[in-house]
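Undergrad: One letter stands for each residue in the lines below.
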Amino acid sequence: MTKPTARAAAPPQAESGHARLTAWASAAGGLALGAALVLGASAASAVQTPDVATAATLTQGDDPPLLQLATDPPGTVHTLAPGAPAFWRIGITTRVERLDTLVGYLRAQGALASLGPHTTVELASCTQPWTAAGCVAGAHSILPATAIDQLTQAAVPLTDPARAIPAHVYLQARVALAVDAPVTVQGDTVTVAATVSAAGSTDAGLDTPGGDGSITATSGGIADTGTDLLATALLGAVAVGTGAAIAGAARRRKHSHG
Amino acid sequence: MRLFLLAGALSFALAAGQPAMRVAPTDASWADAEGATATVSARTIPPATIASCQFQGTSVIPLVTTPYFELTWTFPPGSGYTATSNLIVKRSATAGLGGVLEPITGGSGLRTTGPVNGVYTTQIDAGLLGNLLGGSFNLAIVAKQSFPAVTWEAAPATVTAQANLAGLTGSCTR
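Protein chains in written order, with the numbering used here: chain E, 1 to 258; chain D, 259 to 432.
It cannot be assumed that every hint is accurate.
Which residues of chain D face chain E? A few of them, derived with a C-beta cut under 8 Å, are [to be verified]: (1) Ala286; (2) Ser287; (3) Trp288; (4) Ala289; (5) Asp290; (6) Gly293; (7) Ala294; (8) Ala296; (9) Ile303; (10) Ala309; (11) Glu328; (12) Ser343; (13) Pro406; (14) Trp410.
Anything over 12 Å on all C-beta distances counts as not near chain D; from chain E, calculated [claimed, not checked]: (15) Pro82; (16) Pro157; (17) Ala164; (18) Pro166; (19) Ala249; (20) Arg251; (21) Arg252.
Label-pair ranges, simulated between beta-carbon atoms [unchecked claim]: (22) E/Pro157 / D/Pro373: 51 to 57 Å; (23) D/Leu423 / E/Ala84: 46 to 52 Å; (24) E/Ala139 / D/Ser337: 29 to 35 Å; (25) D/Ser429 / E/Val183: 29 to 35 Å; (26) D/Glu328 / E/Ala133: 45 to 51 Å; (27) D/Thr352 / E/Val183: 21 to 27 Å; (28) E/Pro117 / D/Thr302: 39 to 45 Å; (29) D/Thr352 / E/Gln150: 42 to 48 Å; (30) D/Val374 / E/Val77: 29 to 35 Å; (31) D/Thr324 / E/Val183: 51 to 57 Å; (32) E/Ala139 / D/Gly372: 45 to 51 Å; (33) E/Gln150 / D/Thr363: 41 to 47 Å.
Treat the hints as calculated values from the structure; they're not laboratory data. Heads up, the beta-carbon is just placed ideally off N, CA and C, and yes, glycines get one too.
Given these sequences and hints, build the entire structure.
TA: Dropping the structure here:
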């Protein structure tokens, strides 16, 4: 609030050179004030934008989740028998601009999981939906046939690391009994759980993700949001400097006249 | 004063309209994890169901009649099983209930016909049960399914039977 005081101090001598310099100084001060106002507004905007992003994270909208799994309806039970494996398929859909990682792992629990080598699971992915003939586009092996009691929770890439991760990935878990599995396993069950993790970058200002995904800051800092303050700051600095220079010149001229 | 205000307004307008004031693209990293589960169950071979059981004893006149047990039974509807591929007829290994069941092998002494409206008829000559006669024992109809390297059997459908040593009298109950 120092500017009105400075304006009031300027004498009303509009026709003199001193008055003109004073007017220019006032104009420069006005420029500085305007720049300061814009600077302040920009700063306020920069402060508020992360809050908006945070709200997008905390308030899940109606949009589809950025990572979505599609699989069997609840209650579905896959059956298998010696030489007749069961196939469990999972569709993965991601809605991000840049998908950096897509990894996952399987776990198993139940009576069949305790049979050791009698029960195995194999995991593969396809860029197209699986058909009765398999993966038409060519399957990518994720996990070779592994005894189901030997599964680990080490996440592995779900797609070919040599290729870009597509927005749609289709998994197929092949659960098989040994061809000589004993009759005593009849009716035994196993619950196979798949955990899929994805990470990438997205425009948090445009989408409000559903699901339980989280948007976090890039590179461990605050997300690059809000306005660019550099040009505004430069404008303000130039305006202030110009105003100060003109005001100084006016004072020098006043003293010289005096 | 007017010039001051005009310059301030002008600079505000210019600054507000400059390209640098456009909202910069948001570039936020994102991570999520989702899970899915599936239940996988080893197939259960569905059991057969016995509808009836009876003993056909030896007639004194003429003596040529061979005593036998006759069972009527069905495979589970929709199983697609047939007697030629999916049937094992068993009996107790020893006299008395609760014994271990063993397959009956007897050529013409073991006959299965049908199905008639889904119902099979199996006749078991008493001669195949020689060591069991004189006591009670179990007869069983067992559904089976063969896989490339192993055969799985269903839970047996059993009846309790008995006959005297001569095969003149006997009984069979479900």
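Undergrad: State for each hint whether it applies.
TA: Hint check:
This hint holds: alanine 286 of chain D has a C-beta 4 Å from the nearest C-beta of chain E, less than the 8 Å allowed. Residue-level restraint check for serine 287 of chain D holds (minimum Cβ-Cβ distance to chain E is 5 Å; threshold 8 Å). Interface restraint check for tryptophan 288 of chain D: the shortest CB-CB distance to chain E comes to about 5 Å, inside 8 Å, so the restraint holds. Annotation: alanine 289 of chain D was flagged as interfacial toward chain E, and the flag holds, the nearest CB pair being 4 Å apart, inside 8 Å.
A hinted interface residue such as aspartate 290 of chain D counts as satisfied when its beta carbon comes closer than 8 Å to some beta carbon of chain E; here the least separation is about 3 Å, so the hint holds. A hinted interface residue such as glycine 293 of chain D counts as satisfied when its beta carbon comes closer than 8 Å to some beta carbon of chain E; here the least separation is about 5 Å, so the hint holds. Interface hint at alanine 294 of chain D: satisfied, since its Cβ lies 5 Å from the closest Cβ of chain E, which is below the 8 Å cut-off. Here the hint on alanine 296 of chain D is kept, as its CB sits about 4 Å from the closest CB of chain E, short of 8 Å.
Proximity of isoleucine 303 of chain D to chain E holds as hinted, the smallest CB-CB distance being about 6 Å (cut-off 8 Å). Hint status for alanine 309 of chain D relative to chain E: violated, with the closest Cβ pair at about 24 Å, above 8 Å. The interface hint given for glutamate 328 of chain D is broken, as the beta carbon of that residue sits about 28 Å from the closest beta carbon of chain E, more than 8 Å. Taken as an interface hint, serine 343 of chain D does not check out: its beta carbon lies about 15 Å from the nearest beta carbon of chain E, beyond 8 Å.
Below 8 Å, beta-carbon pairs count as interface contacts, and proline 406 of chain D has one with chain E at about 4 Å; its hint therefore holds. Against a cut-off of 8 Å between C-beta atoms, the interface hint on tryptophan 410 of chain D holds, since the closest Cβ of chain E lies about 5 Å away. Look at proline 82 of chain E: its CB is around 4 Å from the nearest CB on chain D, not clear of 12 Å, so calling it non-interface is violated. Remark: the non-interface label on proline 157 of chain E is consistent with the geometry, its nearest Cβ contact in chain D lying 15 Å away (cut-off 12 Å).
In this structure alanine 164 of chain E is separated from chain D by more than 12 Å, as the shortest Cβ-Cβ distance comes to about 17 Å. Listed as outside the interface, proline 166 of chain E is consistent with that label: its C-beta sits roughly 17 Å from the nearest C-beta of chain D, beyond the 12 Å cut-off. No Cβ of chain D comes within 12 Å of the Cβ of alanine 249 of chain E; the nearest lies about 16 Å off, and the non-interface call holds. With a least beta-carbon separation of about 17 Å from chain D, arginine 251 of chain E lies farther than 12 Å from that chain, consistent with its non-interface assignment.
Once the 12 Å rule is applied to beta carbons, arginine 252 of chain E is consistent with being away from chain D; the minimum gap is 21 Å. At about 54 Å, the CB distance of proline 157 of chain E to proline 373 of chain D agrees with the hint of 51 to 57 Å. Distance hint check for leucine 423 of chain D and alanine 84 of chain E: the Cβ-Cβ separation is about 47 Å, which falls inside the suggested range of 46 to 52 Å. Between alanine 139 of chain E and serine 337 of chain D the beta carbons are some 33 Å apart, a value that agrees with the proposed interval 29 to 35 Å.
Separation of serine 429 of chain D from valine 183 of chain E is about 32 Å and conforms to the stated range, judged on CB atoms against 29 to 35 Å. For glutamate 328 of chain D and alanine 133 of chain E, the hinted distance range of 45 to 51 Å is satisfied, since their beta carbons lie about 49 Å from each other. Between threonine 352 of chain D and valine 183 of chain E the C-beta distance comes to about 23 Å, which sits within the given range of 21 to 27 Å. Between proline 117 of chain E and threonine 302 of chain D the Cβ separation comes to about 22 Å, which falls outside the hinted range of 39 to 45 Å.
Against the hinted window of 42 to 48 Å, the Cβ-Cβ separation of threonine 352 of chain D and glutamine 150 of chain E comes to about 43 Å, which satisfies the hint. For the pair valine 374 of chain D and valine 77 of chain E, the supplied restraint of 29 to 35 Å holds, since their beta-carbon distance comes to about 34 Å. Taking the beta carbon of each, threonine 324 of chain D and valine 183 of chain E are about 34 Å apart, not inside 51 to 57 Å as hinted. With their beta carbons about 46 Å apart, alanine 139 of chain E and glycine 372 of chain D fall inside the hinted range of 45 to 51 Å.
At roughly 42 Å, the beta carbons of glutamine 150 of chain E and threonine 363 of chain D sit within the given window of 41 to 47 Å.
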